[in-house]
Each structure stands twice: as C-alpha cells, then as structure tokens.
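There are 2 protein chains.
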Amino acid sequence: MTTGVRRRMGVEERRQQLIGVALELFSQRSPDEVSIDEIASAAGISRPLVYHYFPGKLSLYEAALKRASEELSTRFVEPQEGPLGARLLRVMHRFFDFVDEHGPGFSALMRGGPSVGSSRTNALVDSVRQSAYVQMLAHLGIPDPPARLELVIRSWISLVESTALIWLDGRRIPRRELEVKLVHDFAALSAVSAAHDDEMAKLLRRVLKNEPGEGPFGDLVARLISLAS
Amino acid sequence: MTTGVRRRMGVEERRQQLIGVALELFSQRSPDEVSIDEIASAAGISRPLVYHYFPGKLSLYEAALKRASEELSTRFVEPQEGPLGARLLRVMHRFFDFVDEHGPGFSALMRGGPSVGSSRTNALVDSVRQSAYVQMLAHLGIPDPPARLELVIRSWISLVESTALIWLDGRRIPRRELEVKLVHDFAALSAVSAAHDDEMAKLLRRVLKNEPGEGPFGDLVARLISLAS
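These protein sequence lines are chains S and F, in that order. First residue of the first sequence? That's 1 in our numbering, and the numbers climb one at a time after it. First residue of the second sequence? That's 1 in our numbering, and the numbers climb one at a time after it.
Each hint should be verified, as a subset may be incorrect.
Taking lysine to any residue pairs in the SDA-like style, the calculated list, with each CA pair at most 20 angstroms apart, reads [to be verified]: (1) S:Lys-66 with S:Tyr-51; (2) S:Lys-209 with F:Pro-48; (3) S:Lys-202 with F:Leu-227.
Don't read these hints as lab results, they were simulated from the structure.
Chain S on its own, in the form it takes in the complex (with noise of 0.2 angstroms):
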C-alpha cells in the first residue's frame, strides 16, 4: 500500500479499506489486543488518519462488525429446494466457514468483549439471530409460526452459537461432526417438541414427509436405531 494509492481513495473507499483491514485483524486476534497503531501500520496510514475516519477503535469495531455481520447473514441464505436436512447441512457448513475465518473475534463478541458497553453491538447480533430466525422459517415454509416452533428455533439458534464457541476453545471435536450433529439436534428438538404438543406433532410430520432416508434426518433416524438395539 503506497502513498500514491493513499491519495487516489475517497472518504468511503478509504472507510471501507480500513473496516476490511480491522476485520481482517480482530478476526485473527481478540480485538481487546488489537491496537489502533496496529491497524492504521496494517492500511499503511498513520494514527491520526485512522482518527480521521473513526472517533474510537469502538466505532471502528463496530463498524467491522456490522459488515460481518451482514456477511454472515448472507451465509444463512440458501435456496429453498430440494430436502431440508441438506439444505441445513449445507447451512451449518457455510457458519462453521463464518466461526472458523473470524475465530477470535467472534469468541470476543459472542462473549461480551471488547466492546461490553455498546448496545449497538448487542443490536447487531440480535439481528444476525433474526435473519437465521426469519431463514429458518422460509425453509420451513411456515411464516406465522405457533409459539413452540418459535420456541424450538429460537433455542437451538443459540445452541449453534454456544456450540461453536465451544468448538472455537480448544477445536477438541472435528467440525464436519459438529455441522451433522447441529442438524440432528434441531430434529431432535422439533421431536422433543412434538412429543409435548400435537400441533408441533403435525408440523413435524408435514415436514419431515419429504426427508430421502439417506438425508441427515434419515442418517439420525438409522443411527438412533442402531443405538438403542
């Protein structure tokens, strides 16, 4: 990075430069040890230019978490096609890319740091959760959902986000495990429901009546089987 391209970059450009560069860096370390001295030595300006964009590293932060945030929020679409276990599937396998890239930043955000103090932090991962939510129920096909089904989304959303947390401490589990093993804890969740409730009884069976045996639920099915013989 020259001066020269330094004075070719408008006010935005040189914005969005300096949020990729940040991201790029909370993404590698804790953004708590990530210096401003750091990131403006990484986009080849000085401090006081950094400054000149954003007040804070707080502003700054937040600004490289808005964009992976939408990011991530991309990673939850996928086409509405074909059977939902694989659908998931491929999901889990495009957030776990997401918590594998930016590892250290997301363990700090989900975690409360560094930026504990920012409700606008709080606001953008609550609306990361309300697109997987809101995705969720377009696979589903169901958009006026009954407070159970809400109930089970909602939890088990929160249970990928602690379960890859709990990945990113230590990687003791190999992943691909995890991606399968999230997509069978959401049939055993929508199961557990059922069992309770006749109306998540009926959703269930609408949705599972497409399922091909050799899909993720099929292969849930197979090795419950196997496990209780």
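For this one, chain S is given, so just place chain F on it according to the hints.
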C-alpha cells in the same frame, strides 16, 4: 423503615439492605428503568446516603447481581440420590422459580443491559454457568468428561438460558411444560451425541440404566414411540 432503624444499622448491614432493596426493584422492572432515587426511597434513606455505600448505580447493580448469582447457584444443588431425570426436573423447577421471581432483571442481564459495559457482570454470569456445569458433572458421576460430554452439557445450559428468556417474553407456553421439555432436551441432545460417538453411547447407557420407566426419561421414550406410531 424508620430513621430509628437507620441509625442502628452498621455499614455492612446497610449495604446488605440496599442490595436487597435494589435486587427486588431490579427483579420487577428492567434495571435500566430503576433510579437511585427509587432505591433510596424504598430503603428509607437519602440519595446521598446511597452513594455513600455504593459509588454509582453500576456498583449497586453488580452487588445485587452477585447476590442473585449466588442464590441461583444454590438452586442447582440437589442431593445426588435417586433417578437422574427426576433430579434434573427438580432443578429445572427451581431454576424457573428463580427466573419467574427475577424476570425483568434476568432478561436485562442476559440480553446485555444495563451493565453492557461491565466485564464483572459477564464474569458473574459465567460463574453461574460454570457452577451449573459442575453440578451436572457431579450428578452424572463423571468428574473428568470427554469433550463431547462437555459440549452436550454446556450447550444444553445455553439452551436452558435461551428457553427461559423466550418464556419470559410473553409466557406463551406453560412453564411446567418447559421444565419437563428441557429435561427431555438434555436426553435428546445426549442421544444425538451418543449416535455419533461410541464413548458417549457407553456413558449414556451407564447413566440411563437405572432410570425408571415412570421418570422423565422413560416418559420421553414413551412419548416418542407414540409420536412415531
């Protein structure tokens, strides 16, 4: 609360009284909405005197949260006797009692306010999660768990938290149903993990071998069989 009482209170006693008063107010309304004036008034002392004991609302909030955390941790304690499913169900019942009693404060805390900003409050929440985790290990009789069991327990704890938060938001599902469902969720998540891993399958068989048919685990199996048929 008369001034006669006030004069007799020592420093620690007064601090404890203020913590109790604040905790009660924070349990009825979001801590963001509770003012120091209100706390002073409810405690029967002046606003400056509150500041004499606590330098600001955050420090009083943290002290109240600390007391609530300790109280919540005691509710996880359950004699290690009798079937596991019934023990877990009693703990879930006491957990929902706590959530019910401290609703607005619990929501505000878990959604990241008003102490968005305090790493001490995050540490307190983590300490409650940790004590729940340690209790679970003790009940399972597995002091040194493999990675997959740790994952099942910790991610289930996050599922319990999110279920409680969703319940508080409108209370659209009877809490008794959710208490049983969460015990069933634990069994279901364990079964999925066992379906992926032989060590988990062995652990699950050992844990379940003394569970009676009429307990929560037997109840789940009966429900699922009826659902499948």
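Unmet hints by their number, sorted upward, for this structure = 2
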